[in-house]
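Participant: Sequences and hints are given; from them, build the entire structure.
Each chain, written out:
Protein chains: 10
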Amino acid sequence: MLVQLTYASRTAGILGAIDVKDILTASKRNNALVGVTGALCLSNGIFLQQLEGDKTEVNALYHRLLRDERHRDPAILDFSEITQRRFGSWSMGLLSTLEENRQLFQKYSVTRDFDPYAMSIPSLRAFFSEVVDNVRWLG
Amino acid sequence: MLVQLTYASRTAGILGAIDVKDILTASKRNNALVGVTGALCLSNGIFLQQLEGDKTEVNALYHRLLRDERHRDPAILDFSEITQRRFGSWSMGLLSTLEENRQLFQKYSVTRDFDPYAMSIPSLRAFFSEVVDNVRWLG
Amino acid sequence: MLVQLTYASRTAGILGAIDVKDILTASKRNNALVGVTGALCLSNGIFLQQLEGDKTEVNALYHRLLRDERHRDPAILDFSEITQRRFGSWSMGLLSTLEENRQLFQKYSVTRDFDPYAMSIPSLRAFFSEVVDNVRWLG
Amino acid sequence: MLVQLTYASRTAGILGAIDVKDILTASKRNNALVGVTGALCLSNGIFLQQLEGDKTEVNALYHRLLRDERHRDPAILDFSEITQRRFGSWSMGLLSTLEENRQLFQKYSVTRDFDPYAMSIPSLRAFFSEVVDNVRWLG
Amino acid sequence: MLVQLTYASRTAGILGAIDVKDILTASKRNNALVGVTGALCLSNGIFLQQLEGDKTEVNALYHRLLRDERHRDPAILDFSEITQRRFGSWSMGLLSTLEENRQLFQKYSVTRDFDPYAMSIPSLRAFFSEVVDNVRWLG
Amino acid sequence: MLVQLTYASRTAGILGAIDVKDILTASKRNNALVGVTGALCLSNGIFLQQLEGDKTEVNALYHRLLRDERHRDPAILDFSEITQRRFGSWSMGLLSTLEENRQLFQKYSVTRDFDPYAMSIPSLRAFFSEVVDNVRWLG
Amino acid sequence: MLVQLTYASRTAGILGAIDVKDILTASKRNNALVGVTGALCLSNGIFLQQLEGDKTEVNALYHRLLRDERHRDPAILDFSEITQRRFGSWSMGLLSTLEENRQLFQKYSVTRDFDPYAMSIPSLRAFFSEVVDNVRWLG
Amino acid sequence: MLVQLTYASRTAGILGAIDVKDILTASKRNNALVGVTGALCLSNGIFLQQLEGDKTEVNALYHRLLRDERHRDPAILDFSEITQRRFGSWSMGLLSTLEENRQLFQKYSVTRDFDPYAMSIPSLRAFFSEVVDNVRWLG
Amino acid sequence: MLVQLTYASRTAGILGAIDVKDILTASKRNNALVGVTGALCLSNGIFLQQLEGDKTEVNALYHRLLRDERHRDPAILDFSEITQRRFGSWSMGLLSTLEENRQLFQKYSVTRDFDPYAMSIPSLRAFFSEVVDNVRWLG
Amino acid sequence: MLVQLTYASRTAGILGAIDVKDILTASKRNNALVGVTGALCLSNGIFLQQLEGDKTEVNALYHRLLRDERHRDPAILDFSEITQRRFGSWSMGLLSTLEENRQLFQKYSVTRDFDPYAMSIPSLRAFFSEVVDNVRWLG
Ligand SMILES: Cc1cc2nc3c(=O)[nH]c(=O)nc-3n(C[C@H](O)[C@H](O)[C@H](O)COP(=O)(O)O)c2cc1C
Ligand SMILES: Cc1cc2nc3c(=O)[nH]c(=O)nc-3n(C[C@H](O)[C@H](O)[C@H](O)COP(=O)(O)O)c2cc1C
Ligand SMILES: Cc1cc2nc3c(=O)[nH]c(=O)nc-3n(C[C@H](O)[C@H](O)[C@H](O)COP(=O)(O)O)c2cc1C
Ligand SMILES: Cc1cc2nc3c(=O)[nH]c(=O)nc-3n(C[C@H](O)[C@H](O)[C@H](O)COP(=O)(O)O)c2cc1C
Ligand SMILES: Cc1cc2nc3c(=O)[nH]c(=O)nc-3n(C[C@H](O)[C@H](O)[C@H](O)COP(=O)(O)O)c2cc1C
Ligand SMILES: Cc1cc2nc3c(=O)[nH]c(=O)nc-3n(C[C@H](O)[C@H](O)[C@H](O)COP(=O)(O)O)c2cc1C
Ligand SMILES: Cc1cc2nc3c(=O)[nH]c(=O)nc-3n(C[C@H](O)[C@H](O)[C@H](O)COP(=O)(O)O)c2cc1C
Ligand SMILES: Cc1cc2nc3c(=O)[nH]c(=O)nc-3n(C[C@H](O)[C@H](O)[C@H](O)COP(=O)(O)O)c2cc1C
Ligand SMILES: Cc1cc2nc3c(=O)[nH]c(=O)nc-3n(C[C@H](O)[C@H](O)[C@H](O)COP(=O)(O)O)c2cc1C
Ligand SMILES: Cc1cc2nc3c(=O)[nH]c(=O)nc-3n(C[C@H](O)[C@H](O)[C@H](O)COP(=O)(O)O)c2cc1C
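Top to bottom, those sequences are chains A, B, C, D, E, F, G, H, I and J. Heads up, the first sequence is in full-length UniProt numbering, so the first residue is 1 and it goes up one at a time. Heads up, the second sequence is in full-length UniProt numbering, so the first residue is 1 and it goes up one at a time. Heads up, the third sequence is in full-length UniProt numbering, so the first residue is 1 and it goes up one at a time. Heads up, the fourth sequence is in full-length UniProt numbering, so the first residue is 1 and it goes up one at a time. Heads up, the fifth sequence is in full-length UniProt numbering, so the first residue is 1 and it goes up one at a time. Heads up, the sixth sequence is in full-length UniProt numbering, so the first residue is 1 and it goes up one at a time. Heads up, the seventh sequence is in full-length UniProt numbering, so the first residue is 1 and it goes up one at a time. Heads up, the eighth sequence is in full-length UniProt numbering, so the first residue is 1 and it goes up one at a time. Heads up, the ninth sequence is in full-length UniProt numbering, so the first residue is 1 and it goes up one at a time. Heads up, the tenth sequence is in full-length UniProt numbering, so the first residue is 1 and it goes up one at a time.
There may be inaccurate statements among the hints.
Using 20 Å as the maximum straight-line C-alpha spacing, the simulated DMTMM-like pairs for lysine to aspartate or glutamate come out as follows [to be verified]:
1) H/107 / E/130
2) B/55 / G/22
3) E/55 / F/73
4) F/28 / C/113
5) D/107 / G/19
6) H/21 / H/81
7) B/55 / I/81
8) B/107 / C/113
9) G/107 / I/133
10) J/28 / F/113
11) G/55 / D/113
12) F/107 / J/57
13) G/55 / B/73
14) B/55 / G/133
15) A/55 / J/113
16) A/21 / A/81
From the derived model, a few chain H residues whose C-beta atoms are all more than 12 Å from chain I [said to hold, decoys possible]:
17) 2
18) 15
19) 33
20) 54
21) 72
22) 81
23) 83
24) 117
25) 126
To be clear, the hints were calculated from the coordinates, so they are not data collected in a lab. Glycine is no exception: its CB is placed at the ideal position from the N, C-alpha and C atoms.
Facilitator: Okay, here's the thing in structure tokens:
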């Protein structure tokens, strides 16, 4: 079953550009092996990640990620079967917080700062749809 | 929860261009702090304002606005959860009554003069959708 | 409440171009005052008029029109609440029966000659939608 | 085409029980001849009548009724094609304002007193549906 | 393909009870052989028949019936694919015009007298649905 | 009531180009008088015709056509109320079987050869929609 | 326009049974005059009230209530046009927190204690629907 | 994935009651092992079977059945994912052609004799739904 | 936000009746404090649990449960916002595998043995709906 | 009835380019005769074929294909009535696994490698829709 799982977590301690680069490098290497694709956002000290792939693989990956000490307060925000992948071509893309993407974050933010924990499920889905079409990617 | 609240009120006494400028200046300053965005129309002595943001913040702002003596006869016209903001990029835009916008007002007016109190909820929603796309903004 | 009322009537006696011009002139003058807009078709000796505006004003106008001796056999064909006006920019437009519009009439005619009395409600609505977009106006 | 036309009007001058009885008697006699059925409510000095039958007959009857000096301020409230009659068995039923029906009126009233002019179209339809099932009829 | 075809025709000349009985007898005999079922109504000098069965058989029967001189002015009123038969148990039932069925006819009549030629397609379908459940059958 | 009736029939005996031309000429002359429009296809020895117009006129025409000895095995394939005509500008168009139209026929054919008798109702409707937009006409 | 407005507020200071009785008595007296009906719940130190009636009257009442010092932190939770009243027969009913109603509160509570501020709009609507059918009323 | 597969086949040669009993006995024994349930009808020399279970198991069983020489002319009639089993309690039920079930067969038959090859997909689904509720089972 | 999260896991090692009782006792004690309700099934060595409550609390509980060594191979199967709780009255109910419930499990099983990992999301939802109404509870 | 049948199978033994060419040549020759069209994909040692045409012909072809020893493990994946053919112009197209088509396969793959057995029905349909528009064809 092809599914997507969307979750948020908070960066634990101080996370530098190198750490993020490490996470991306590992993600691309590992996810490609198990056919998982997706996008990772980092804004306001919060990770928002959408993982897509086989239900078993996505679950295995998610439950493995939970043991990573670079984040905490994990919260599942959305989970559903999908017909096709949104991020078919990236094994893991990073949505940067560059100035260019600020308007996008703002449009879907409940509060002043981007807070995925507070977003509704339809809002999360609309956000990722717009991400695929309009956003400048790093990495 | 991301919501929009739309209300109308009547200008109390005579309201000059300076007053409107004051309202806008304060709105932009305050709303940006609490992540509220929206649009304010002034036509025919009636304010029509759509506020969007966190349910708690929008409620706090609305109930504070009620104490402003520059308007009276407040009436809630619409309230709903939303998936994304319409006015994500303005902390508060003003829809002027310039000649250019006259046709827009007319298209949604029940009566000859623009009277938001008399508009149906679907009509208000269609009006604000068209505002975002087609209108010239002041301020 | 913003409504549209569509009705048909037959010209009583012989109606010249001047009469039609008189009707249009009066319509524009009066309708603008009460915020009524719409379109008037004359074809095959039958008037087909769509009036849009406040429910009370449209009703007042319609019931006043009934006393005009230039037409008879009035029949209400459609009545509904609307979200926005179709003919927002005309206080009353006239759809001529010039050759150019013949195809439009034919597409929606039940019988060989244009006979609004025989049209279904969905057909009337589709007709007026196409009128707004495609038709050459007189007057 | 089978249609229903719903309208309101105000009693002109004082209308006694005899007048109402006269209206009902004439209605039953005339409507049966042309296959029109329906219901007439009288409450708060306002008539609310739903007529159902052939589009031509309902229109002819309605436009004849307008000349009756016992009412004024006529307003069309609803008009639509229907699949079957609601009041198939009455040529014209009267909904009395007896105490028993008070709750029904109240449930659909916008304001304290029953005011059909102010009712929305869905509300009018729900009202007449409930009338058919639950109400005690006079006459 | 399982279809229903509904048509009306007018009795030609005077048709006695015997003629109707003849039609029914032949219908039952013939229709059973080709798997056609249905209902036949006779009211106001008009036949209204719904035939259901295989598309080819229903068409063959219908086009054969047209040659029967006991009726004229045939008009197809409805035709559609169906999932199951309404009249599965009768090869041809007759809906009498007995007093008991008068209310049913009236509920779906456009005009005072039952006139299937004037009925809309949704109205015809609702009529036959109600027939199956509520009507007393002859023959 | 504006309807369309779609039927198929088989050419009886050998039908030359002249015969087809005769049918078209008569169709155009007669249909224009009664406000019937439509399209006629001839392929694989089978006529497929869609007639649109007033319910009474279409029925009268169809039942008259049945007496034409140039075709046999008539079968009604579709019948429905419509909001507007598809073939408003032709009193009767002929869809030739030229090479150019072969792909269109093939896309909607159940079997190798075009056989309208075997087509489902949704398939027939999709076919005629595509005909109006894409096809080269003869005649 | 018939609307419902649902809001929550917190009791200010200590509120005894007498105070609640006072509020109810005043509500019944005043609301009956302006045709407002509804229900008031008090649980966990939070008021949850649904007001239904004319848009102008409900707004006037709500904005007057805001000045009552027995509650604070008002928050609009839902607002919509309605076809008919839910609480047509009570000018104001009180939903007690008696043991009997505990299961109802629990079924719709987001958190352990009843907290209307946190309820979604569909949840609020489902809650009030169940209230009307199943709950024991006080007062 | 939980699916149902519906197919028809013709009995090859003469099939006695014993053969049918053998098929049922083997079906119950084998299907229970792989979690396949369903129903088998035999009427008019045609088998109609609905198999439900895991997509892989249903496919394995179906493709094995094809090698059984007691039937021929297999044709897949329907295949879809399902949410729950219809025949959860039988590993394989037999729908007899006893007199009691005749009306059911007739209601869904296109032609006089029960011919599943000719049934539409919606018709097959409606048939099996009615089977579960209303039919007397053998075996 | 009121949500439900459904997951499966496998019992690690041998789990006796006492262990299950311990889990239930702890669940009831803890869940009541944070307003989480739900149901726990144990069949075929697999736990299937539906948790409902505040999004934050359900997430906190789920991520805590993952550390319990009595189960392994956790997999999120469903997650959605809900309007009301299904299991409002139990802080945690246990669905036993007694003989009485066997039919229920079978109806929703993809394979012979109950395997929630293989169930589709609509199937899981239908299963829990039926559980609430029809099942005998332990403990 | 126009249907599509989609199935997968595994190549048996080693299959060279010549074998594939043979299959295609035979398919084109045979399918054209019986009016079957479609597409054949070969990726990852798995065939995925969609056949469209008359229900009887598609079934006959499919059941004949099963006897071809060049593939095994056949599994029906989808079957439905269709309104028009997708692959009207090819008697059988081959979707190559060239680099250009890799992204398309990936977008619909559940796992890393293309595995049609694991695809959901909506996913299969979306895949073939995209194939028609975007893909480079061999053969
Ligand atoms: C927010 C976040 C997201 C991550 N996403 C992924 C991912 O998608 N795939 C992945 O393999 N690792 C991901 N990781 C890293 C894993 O936790 C872990 O460090 C990594 O898989 C180890 O890979 P390695 O053993 O190949 O070095 C993520 C870590 C964090 C903090
Ligand atoms: C029609 C109207 C709309 C207003 N809208 C806003 C608003 O969106 N945000 C805001 O902060 N103040 C708004 N105000 C002004 C407030 O009532 C108040 O004057 C202002 O918030 C005070 O800000 P200050 O204390 O920062 O000067 C509005 C006033 C009126 C009359
Ligand atoms: C078919 C028809 C349509 C008309 N439409 C309008 C109209 O839309 N508005 C209007 O004011 N008068 C309309 N009239 C004319 C009125 O009946 C009446 O003559 C006019 O309103 C008188 O205006 P005056 O009193 O200002 O001269 C119409 C008349 C006819 C016959
Ligand atoms: C509110 C109202 C409703 C009426 N409804 C009907 C009606 O449904 N049918 C009818 O024939 N007359 C109705 N009438 C009466 C007609 O206006 C008119 O008096 C009557 O048709 C004259 O009938 P007669 O000429 O047979 O006496 C109604 C009158 C009023 C005031
Ligand atoms: C209104 C009407 C409906 C009829 N319906 C049927 C019918 O459903 N089946 C049928 O076989 N004959 C029907 N008939 C009779 C046929 O026209 C024809 O008389 C009959 O099929 C001849 O049968 P026979 O040749 O077996 O005597 C109908 C006739 C009329 C006037
Ligand atoms: C397949 C077919 C389709 C026809 N379509 C029409 C048509 O649409 N209109 C028409 O008047 N005649 C049509 N005809 C011809 C009529 O059957 C008849 O010959 C013609 O109406 C006689 O016209 P006339 O009396 O004016 O010569 C059609 C004939 C065939 C065989
Ligand atoms: C939570 C709450 C709900 C209330 N609801 C109503 C109400 O529905 N109608 C009303 O008239 N007063 C209501 N009141 C009371 C009003 O605030 C006010 O005290 C009252 O209308 C004064 O009425 P009086 O001037 O007739 O004494 C409410 C007060 C509170 C605290
Ligand atoms: C119409 C038909 C339906 C059948 N259905 C089933 C079935 O559902 N399950 C099954 O195991 N065998 C079924 N069979 C029988 C198989 O073809 C085969 O004989 C049987 O599975 C052999 O089982 P055995 O090897 O255990 O004796 C069916 C046979 C026919 C002709
Ligand atoms: C399958 C499974 C489901 C459980 N469900 C819950 C639960 O709903 N709530 C809960 O508090 N503990 C649950 N537990 C137990 C927790 O993992 C943990 O043992 C318990 O919360 C510890 O509680 P205590 O610290 O109060 O003893 C579950 C354990 C298992 C294996
Ligand atoms: C995966 C696969 C797909 C095939 N598709 C078709 C097809 O669509 N049409 C066809 O005639 N043969 C197809 N074949 C080949 C047939 O199995 C068989 O070899 C062929 O029809 C024999 O044709 P011939 O007797 O004309 O040589 C396919 C074979 C395989 C392995």
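Participant: Decide, hint by hint, whether the structure agrees.
Facilitator: Quick rundown of the hints versus the structure:
no.	hint	verdict
1	H/107 / E/130	18 Å, holds
2	B/55 / G/22	30 Å, violated
3	E/55 / F/73	12 Å, holds
4	F/28 / C/113	16 Å, holds
5	D/107 / G/19	29 Å, violated
6	H/21 / H/81	30 Å, violated
7	B/55 / I/81	18 Å, holds
8	B/107 / C/113	33 Å, violated
9	G/107 / I/133	16 Å, holds
10	J/28 / F/113	16 Å, holds
11	G/55 / D/113	15 Å, holds
12	F/107 / J/57	16 Å, holds
13	G/55 / B/73	12 Å, holds
14	B/55 / G/133	29 Å, violated
15	A/55 / J/113	15 Å, holds
16	A/21 / A/81	30 Å, violated
17	2	5 Å, violated
18	15	29 Å, holds
19	33	7 Å, violated
20	54	5 Å, violated
21	72	30 Å, holds
22	81	7 Å, violated
23	83	5 Å, violated
24	117	29 Å, holds
25	126	20 Å, holds
Against the hints set out earlier in the document, violations occur for numbers 2, 5, 6, 8, 14, 16, 17, 19, 20, 22, 23.
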